[in-house]
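Student: Sequence:
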Amino acid sequence: MSLRRLARSPSSRSLCAPRSFSFSTSASPPPRAPVPASPSYLAHHLLDEFSRPRATRDAARLRRLAAELTAPAAESVLLRLPSWRHALDFFRWAADQPGFRHSCYSLNAMASLLPRHQRAHLDRLAADAISARCLMTPGALGFLLRCLGAAGLPDTAVRAFDAARASFGCTPNSYTYNCLLDALAKAGRADDAQARLREMVARCGDGSVDKYTLTSLLRCYCNAGRPDDANDVFQRMSELGWVDEHVLTTLMVAFSKWGKVDGAVELLGSMEALGMRLSEKTLSVLVHGFTKQGRVDKAMDMFAKMVSYGFVVDLAMYSVLIEGLCQQKDIARAVKLFKEMKSSGVAPDVRLLKKVIEAFCREGDFAVIGPFINENAEYLKSGSVVPLYNVVLEELVHCGEVEAAYQLLRSMVCGGQAVNNDVAGGAHMLHIREDAKPNSDSFNIVVCGLCKVKKLDMALALTKDMISLGCKGKILMFNDLIHELCNMDRLEEGYGIFNQMKDLGLTPSEFTYNSLFYGICRRKYPKAALDLLREMQTNGHPPWIKNCTEMVQQLCFSGRVTEAVQFLDGMLQIGFLPDIVTYSAAMNGMCNTGEVDDALHLFRDISCKYYLPDVVAHNILINGFRKSSKLDEAQKIMEEMLEKGLFPSVVTYNLMIDVCCKTGRIEKAISYLDKMVYEEKQPTVITYTSLIDGFCSAGRPDEAIKLWCEMREKGCAPNNIAYTAFINGLRKCGRIETALTYFEEMVTKGFELDTFSLLYFINFLISNGHPMKGCELLKEVLQKDTYGNNLKMVGLINEAVVELSKDGITSSDILKFVDKAYTGVNSVVPGNLLQILEGLEARGNWRWALSVTEWVYKENIYEHGKSRYICDFLQELSENDEKIKSLVSMGFPEDEAKMAITRCGNVYSANLSDYEDAEFSSFGGRKNTRFMDGSKKKSGMEVGHKGIKCHLVTAMKSQCLCQILWWIGGIQLAQ
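With this note's numbering as the guide, the letters of the sequence shown map in order to residues 912 to 1886.
It is possible that some hints are incorrect.
[Stated by the list, open to error] Label-pair restraints from in silico Cβ distances:
hint, residue 1, residue 2, range
1, R1434, K1363, 22 to 32 angstroms
2, R1434, G1661, 36 to 46 angstroms
3, A1106, R1623, 23 to 33 angstroms
4, K1555, L1415, 32 to 42 angstroms
[Unchecked claim] Below, a list of computed lysine to aspartate or glutamate pairs in the DMTMM-like style, where the Cα atoms sit at most 20 angstroms apart:
hint, residue 1, residue 2
5, K1266, D1225
6, K1547, D1508
7, K1247, D1225
8, K1438, D1414
9, K1247, E1191
10, K1457, E1421
11, K1385, D1400
12, K1240, D1225
13, K1209, D1276
14, K1203, E1234
15, K1209, E1177
16, K1209, D1260
17, K1520, D1490
18, K1265, E1289
Hints are computed from structural coordinates only; laboratory data are not their basis.
Owing to the predicted nature of the structure, the values given are computational and were not obtained by experimental measurement.
C-beta: ideal position from N, C-alpha, C; glycine also.
Work the whole structure out from these sequences, hints included.
Tutor: Written out as structure tokens, the structure is:
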């Protein structure tokens, strides 16, 4: 039907904007002077002119024809021009002619000629019609809406509809509304379609809703993915008897796309029951849908129907089915269908052959791949066989059989020689054609696979083979190889590959340069890094932030902070501005080496010139000042951060809380905790640990305990550090029972104190009435032997042993402690041995005192030799009686004289002449005795040994004489 017979409007107005299409505002042209030429005459001559190239047109003739141009002639010319481009050229020319305006007929003619993908031209056409207020009939408007909907321009269709109704004097009817619904349905605009349907019913009545209306609505719901709404519309159409083949096909295709395969099967049965025959398009969609859902059997049924209906099955359909069968590992049926395809005259392409070979590889059926390739080589172009072998290489690499892929590629390089059976993973059964020389893709596949499993030497060997064959290789292969070499700190080899790829004509990428840059940064070579950065700048490749940061961090960790700063300055000179992350790494390195002032200077410098430092940079400075005990400066940085509008992080608050706790400003620390909660920043275990330690240091253990309980109630589980800080704090506050309770809880949870904290805790227990627990823990420390030759730890052990030796309950185990604590020469402290022996003596443990001394003798702990001091000791024993008599003659009772000899007489000297200024009362009693320091006469070491010998005297009772005599005999024999 001619477009001129579309509904026309009786009256119109003309409006045309400059350089835009001009439209008549009337369905009939305004009265003009009679012209002798008929529309057919005008159309004939205009077609003649506009069928020519623009440069060859007769301008004078066109001016004469333009004077006689009419709307029917323009419509006729548009529909008869050879292409839409010629038509659009004529349409625009006609719009520029004085006195002529396009009508809705020529507008629709042009809209119908524009291809659907030329949305821009169609959108402009509708926009010019709206701006020109072109009057349209309901039918003409509906036609335009359908064109816009088919081109995927629903918004333009809505604008045209509303503009025509509001400004063009057009009253839409049910046909117009249906065209609009169709446009919205194609775009799946379900909500808009519902609104327009309600508007249609309100304006045109319930009877306006017909089969076409519901069909558009059904398609709209299907495209929008709303199956429930689509089913409701389908049920309504079924009740009205409006269900036809088109409706069922629409719903079936939608069910297939939604994955509702069973629903599609049910609809298929309904269609067959109604005697409806499926179209080729419907069957094709169902085959794809069933295959996608893994219902290959159903897809094969649809395929059989296509064949029975006589539809031509193309390569795409065969490929879908064969690939589906391969995915289900039904290789036998896939091969059978493949043969049927070839017998029907459909030739396979490379893609399908690759899919079949992939299936063979996954099943490990390498023996059939060679014959399969040979059988189908005739369908391939020259040189297309190698991609099929590449599929085998890809599958081997994908399955982790990289060495098998390596062997297969080497076989291809050598012209089909046998593959090593030991590592081939079945690939040795594959027969390789002699003309199957590997290409760059072949090497790329295997080299990348070898790089992933770190087989770099094999990858380097393949690279040499590739170059010898004249293959250029792929940039991806070289990138992976360089990257892995640099990761393995094989920088020199990485540079060699880098130079090779440039010699082969491959341009290094940003990844290539940054892989090398990373290797240099790992080596901490700032000069080489700057040289590479200059080359990167020349080629337009920026360095990655992580690599620059790596360089700065490595230099700072090595104590080369100055070189790190020089490296950053060098980057600036080259033209690369380091990131704030890199600058932060430099500041952190300075803070770690105590150069906080330099870090602050760098911070100020980048603030003025380059960046606004972020929260992390501020945190680094705060932490640096905290470590340097410059707490006021840390507070200033915190205030400065707030003034800049930055929001402190949890790390910021934790640092400031720790600063305040260390300076005793607990209330300020609590205020920071309150701010964290107010800002909805969850306090961490670090937050609570700092506060708990601060409370304990301030002598406020009750508040520390309360905060500990609050931490656990809020779900913040304490860690080893938290328990250690809490128990140490309670120890400092003297809360023995509470500390012991939490220590037991700590052990139950699998945590443990560090050795120093544990030794302090042990001494705390011993000195506060828990010697048994302290003794038990000390045994564990000695069994673990974690103290080594640390003098501070040994001192703490000595202190604990001395106190335990004074306790009647624990002194019996003292020898075991001594055996552990004094085994090494560096650990021996004679003074402590004296204290141990004094404790044993005070408790009456004579046998243990003697055993300790015997151990000292046997272990030969002191460097001065044992026989000398034992002999001196025995000589003093022989003079003991005379010393007692001398004291008795001075007026001492005999018992006191013996005690004096035992407790005092031998501590510093074996003779009473070593003491001076002994004063006695007039009543014969002892008033005061002042002793001369024995160190003035004896060396310090000898003093210690003399003291030990004095305790041998103490230990000597009648039951010990035999032991002493045995020692005497042993020494005499030794001499």
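Student: Now look at each hint and say whether the structure bears it out.
Tutor: The hints, checked one at a time:
no.	hint	result
1	R1434 - K1363: 22 to 32 angstroms	holds, 24 angstroms
2	R1434 - G1661: 36 to 46 angstroms	holds, 41 angstroms
3	A1106 - R1623: 23 to 33 angstroms	violated, 57 angstroms
4	K1555 - L1415: 32 to 42 angstroms	violated, 52 angstroms
5	K1266 - D1225	holds, 17 angstroms
6	K1547 - D1508	holds, 14 angstroms
7	K1247 - D1225	holds, 17 angstroms
8	K1438 - D1414	violated, 25 angstroms
9	K1247 - E1191	violated, 24 angstroms
10	K1457 - E1421	holds, 14 angstroms
11	K1385 - D1400	violated, 23 angstroms
12	K1240 - D1225	violated, 23 angstroms
13	K1209 - D1276	violated, 28 angstroms
14	K1203 - E1234	holds, 10 angstroms
15	K1209 - E1177	holds, 12 angstroms
16	K1209 - D1260	violated, 25 angstroms
17	K1520 - D1490	holds, 13 angstroms
18	K1265 - E1289	holds, 15 angstroms
In summary, the structure is inconsistent with hints 3, 4, 8, 9, 11, 12, 13, 16 from the numbered list given earlier, while agreeing with the others.
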